[in-house]
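Number of protein chains: 4
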Amino acid sequence: MPLTKEQADEIERLRAEKTQTLRATVPALEELLYHPLPVLDHGFVRVVDYMGDDGAVVQAARVSYGKGTKRVSEDRGLINYLMRHRHTTPFEMCEIKYHVKLPIFVARQWIRHRTANVNEYSARYSILDNEFYLPAREHLAAQSETNRQGRGDVLEGRDAERVLDLLREDATRNYDHYAEMLNEGADGKPADPGRKGLARELARMNLTLNLYTQWYWKIDLYNLMHFLSLRADAHAQYEIRAYAEVLLHTLDRWVPLTAQAFREHAMGGVRLSATALKVVKRMIAGEKVDQASSGLQPREWRELMAVLGREPAAK
Amino acid sequence: MPLTKEQADEIERLRAEKTQTLRATVPALEELLYHPLPVLDHGFVRVVDYMGDDGAVVQAARVSYGKGTKRVSEDRGLINYLMRHRHTTPFEMCEIKYHVKLPIFVARQWIRHRTANVNEYSARYSILDNEFYLPAREHLAAQSETNRQGRGDVLEGRDAERVLDLLREDATRNYDHYAEMLNEGADGKPADPGRKGLARELARMNLTLNLYTQWYWKIDLYNLMHFLSLRADAHAQYEIRAYAEVLLHTLDRWVPLTAQAFREHAMGGVRLSATALKVVKRMIAGEKVDQASSGLQPREWRELMAVLGREPAAK
Amino acid sequence: MPLTKEQADEIERLRAEKTQTLRATVPALEELLYHPLPVLDHGFVRVVDYMGDDGAVVQAARVSYGKGTKRVSEDRGLINYLMRHRHTTPFEMCEIKYHVKLPIFVARQWIRHRTANVNEYSARYSILDNEFYLPAREHLAAQSETNRQGRGDVLEGRDAERVLDLLREDATRNYDHYAEMLNEGADGKPADPGRKGLARELARMNLTLNLYTQWYWKIDLYNLMHFLSLRADAHAQYEIRAYAEVLLHTLDRWVPLTAQAFREHAMGGVRLSATALKVVKRMIAGEKVDQASSGLQPREWRELMAVLGREPAAK
Amino acid sequence: MPLTKEQADEIERLRAEKTQTLRATVPALEELLYHPLPVLDHGFVRVVDYMGDDGAVVQAARVSYGKGTKRVSEDRGLINYLMRHRHTTPFEMCEIKYHVKLPIFVARQWIRHRTANVNEYSARYSILDNEFYLPAREHLAAQSETNRQGRGDVLEGRDAERVLDLLREDATRNYDHYAEMLNEGADGKPADPGRKGLARELARMNLTLNLYTQWYWKIDLYNLMHFLSLRADAHAQYEIRAYAEVLLHTLDRWVPLTAQAFREHAMGGVRLSATALKVVKRMIAGEKVDQASSGLQPREWRELMAVLGREPAAK
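If you read the protein sequences in the order shown, they are chains A, B, C and D. Position 189 (the first sequence) corresponds to 189 in our numbering; numbering is contiguous. Position 134 (the second sequence) corresponds to 134 in our numbering; numbering is contiguous. Position 251 (the third sequence) corresponds to 251 in our numbering; numbering is contiguous. Position 130 (the fourth sequence) corresponds to 130 in our numbering; numbering is contiguous.
Hints are supplied without guarantee of correctness; some may be wrong.
Copies of the same chain look alike in the list, so a pair counts if it fits in one copy or across any two.
Stated by the list, open to error - For lysine-lysine, the following DSS-like pairs were computed, each having C-alpha atoms within a straight-line distance of at most 30 Å:
no.	residue 1	residue 2
1	18	70
2	281	67
3	189	70
4	18	5
5	189	288
6	5	67
7	189	18
8	288	278
9	281	189
10	189	5
11	196	288
12	70	288
13	67	18
14	67	189
15	288	5
16	70	5
17	5	278
Derived by calculation from the structure, the hints in this document are not laboratory data.
Kindly produce the complete structure, drawing on both the sequences and the hints.
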């Protein structure tokens, strides 16, 4: 994730200008404001703005004239209560804005979360940089044999080599051809004056899905947590999960009480179906239950046993 | 709009605490942060938080590493361009949060704008205050005779008196009965120990639609302008328009370049239909056009003439 | 819920016109199409249109060229899988439209669900009917002493009588004054020719919150279930729950496999926090756990014990 | 757009099954239900379901018990009125669902419209087909020299040849390598038993942005028109405009009165800024106005002259 000197300078300039404000401010988040937090081989997440803090959640829940907060212990209790009972609207009262650099195939998963605002770098208007994602060795996984949308063992030796070669060569060649079709020199004039360049909006179709794009992404706290509950989850594809984990780190800094409640009730919690709840009650009563007598399908049974830490569920 | 001493003190405390921030800050908006701006007889609008400024619109449009802004003249030009060509997403990158006190019948119109976040004071949980809206004399209008959803002449003399008496007496009586049914004393104990109070969530149904409620309302800049284009418009009911005008005032302070472009392209602009455009072209060519030859329906014709300042359109 | 003869006739006309379609059709839902299903004393829910069926969920999940369905058992399995793993988008592919008549205070809770389309009867444009909600005796509850937003015991005897009298008299008087202020006769002319009527948009503010309004409400299947999971829940206010239960009945008819999965995973299921899950694991292992050793707050502990059917949780 | 025999058979089966319904039905749309309407070289649009018709707009606007419609002329008038005055909610009461096959770079523009429901064919779960978009000769345009996001002249001769060769070869090679990395035979077993295949969710990153994907896309009538006003516009990229034009054709069949009003007020209409309106008034008054005296920027001036048909605006 090398920034150009110009980019790094712009960030430095932003970080040099402090102003005074009457708004709620979060020093722990200000510390990393504007800094790029690296993700994958060339990606990053930058917090570029935020609105509100844990107190703003409390303030909105109470529709108060002032801060709404009383003591930390009371705020913590209220935030836990809101989370537990799915009173989601007070969490919508905080907002955060990120600048993210990410591979296009990750961007395509990400954008499916519609309750957010997005401005993406335009490849109709501008020329994309030559940076693409190559998985690290330890993430070069085979297709799972049990889960149609999962990964199995890591590829090794020549199998891995071959894949990395193909990905690198194809992305490189396709970018080179993209540049050739554009035919734009550094000075904005044709690189080859003897021919016309293809329109940017057309040339981009030759690029591969691992090329990096970037966008501004703004979302409220409730929807950020919803995104994280799906994308920081073990079932999410590794590449988007890598981003979700960095976002989760910024959540901890921004709204520590909310983040804690989120880990307790959403990330670390589980949902039991009506039938699964019956099974749990029987087990607590000391009864031996097996899949056949549980009323659960085999796959549901394995998932429940995994949740209860009693045996691993096949994926 | 009398605040209690406790409420005023809370606001003073908030305004006394300045902190430092690296975020974009708007001094002209900070000046009125937290202060209640009066609307109608007991209502108000308070700006309680904001995110971004004109520069943030530019920054998002350019997906920049730094501020994105260059010179004011360039920013102004870009913002005008975005507004003119309906590139709305950069305007979604700013956010503002209000605390609003408003009559319930106004709240019912307002809430129809769904792309916003709301936390309303809960009458299931709490007891509402005894404050209701009474129109000022000059807004006590008769039903329009030409527009089924408009106002006509102002009522006068005994007609006006009678209406105000009815509104005042009914709202007062209904509130008194609400309090009687609740049967809650100031100390939280039954006012009349001999009987049980009705549940708050039921008692509230006796209140009239002019009673004041309040909420926190958070919205992005694009959707705020969409709200204003409908609610600061002459066709909007006066009571909600009174709120829209105060919001418009906060817009001017918050994002002056955007507000100017909004007034130029949305508030002060017009939309012409295909047929109306043809009429305009013929008129520019010096042709005399009347309704019969215009291809427009009579009402459309009157609306177009009004837009062109050629004769008043009946409402 | 007495319909006028004219309204009943309109419904009969609609039910008399069958047409042929190539679209997915659900006979069990067609049976009750357009019929008003009564709710509360004067309200109703009418299904006025729908799009898709259980098969459409399967079809979307498979992005298929045909129906997507195979056998009922496979469809059931897939729908359960989607529900269990929160793959919500296939459920968004079905849509339903209702005509609902409901008290204004219920409408105000209902409208908080923003992911739906609404057209409400306009009191700016039209005159509202004189129908208001009076709770049945068995729903006339006192304020709960343990839950600030709940109900306690039912009021009895003279306490109940007094409340019903107040609600009835105030609603009646306020409506009469509304009509007086409007001053519109049945023929559209002034009832009292000696004075001007107040604008409809103003006169309505005198009405009470238990007056009935009506709207068209359209929502996709996923968001309908989200609405039901909150509003058919025991914590919801009785009056909106009465509507949710009728909606739930239409869900059963419309998409029986989805409805079954919804009852199994959402309505009948539970969410356990990370700490609650630890408690459950210890209990299954045969350990005695009490609140003090559980790591849960007293209220959380009571809620968990209630879920596990071990002792009633105080509300 | 060759369908496989299996796909064509599935469509035939769907079209063979008529059922009776009480819902509003649109014969002109039923005629093309399920049929693929070709777009670009391999893409299509299929209408797979719909809800409502012109009458449903009227019905919702009137919150009626029956059809709401009276005579065609009245319905037309009401629909025009709603469109002209931006009463958008009645148009949200109709819904349509499409199955679309489209290049990934088009899908990336399309998905930016968030107020719709989408289920995309999953390349985590399944293997994509080997079909990619190659522009027809007449669409192989050079970069515009005046508009940074537009097209200029069409490429010719060897320039065009070279571009088409590059696009074809790179897409073909990258797909072949995708298949090689997957290493899946037609029978689901490894094509080369000596090595492990790469996970589908990873292999896909080697594909080019002109590869075809497909999705189910469901949207309400209001938002469909909003999409069309942006994407059937001359400023939209040709490739997405090709889809928008087919959607527009389905709109004409589905809701002819609404489609007509949409063409009159949105597609064929114009928006004038406050300053542009002043210019128009002066021109109608017979005054000579030029850019310098207009108060408009040069670009705005050119755009206005183009709208008024007085001279071509440079793009």
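Subject >> Status of residue 70 relative to residue 189 across identical chains (alpha carbons, at most 30 Å) >> reply: between (63 Å within a copy, 24 Å between copies)
**OP:** Pop the pair residue 18 and residue 70 into one bin, within, between, both or neither, using alpha-carbon distances up to 30 Å.
**Re:** Intra 29 Å, inter 19 Å, cutoff 30 Å: intra and inter.
Subject >> Alpha-carbon proximity context of residue 281 and residue 67, limit 30 Å >> reply: Result: close neither inside a copy nor across copies, 43 Å intra and 40 Å inter.
Original post:
Given a CA cutoff of 30 Å, do residue 70 and residue 5 count as a within-copy pair, a between-copy pair, both, or neither?
Top reply: Answer is between: at 18 Å across copies they meet the 30 Å cutoff, but 46 Å inside does not.
Original post:
What label fits residue 189 with residue 5 when the C-alpha limit is 30 Å: within, between, both, or neither?
Top reply: within (24 Å within a copy, 50 Å between copies)
**OP:** Could you figure out if residue 5 and residue 67 sit no more than 30 Å apart (CA to CA) within one copy, between two copies, both or neither?
**Re:** Classified as between; 16 Å across copies, 42 Å inside a copy.
Original post:
Within a copy, between copies, both or neither: where do residue 189 and residue 18 come within 30 Å Cα-Cα?
Top reply: neither (41 Å within a copy, 51 Å between copies)
**OP:** Measure nothing new, just compare the shortest in-copy and cross-copy C-alpha distances for residue 18 and residue 5 to 30 Å and report within, between, both or neither.
**Re:** within (22 Å within a copy, 34 Å between copies)
**OP:** Using 30 Å as the alpha carbon limit, work out where residue 196 and residue 288 are close: within a copy, between copies, both or neither.
**Re:** Cα proximity of residue 196 and residue 288: none, with 76 Å in one copy and 41 Å across.
Subject >> residue 5 and residue 278: within-copy, between-copy, both or neither at 30 Å Cα >> reply: neither (61 Å within a copy, 48 Å between copies)
Original post:
From the Cα coordinates, with 30 Å as the cut-off, is the pair residue 281 and residue 189 best called within, between, both, or neither?
Top reply: neither (74 Å within a copy, 41 Å between copies)
Original post:
At most 30 Å between C-alpha atoms: does residue 67 with residue 189 qualify within a copy, between copies, both, or neither?
Top reply: between (57 Å within a copy, 28 Å between copies)
In summary, the structure is inconsistent with hints 2, 5, 7, 9, 11, 12, 15 and 17 from the numbered list given earlier, while agreeing with the others.
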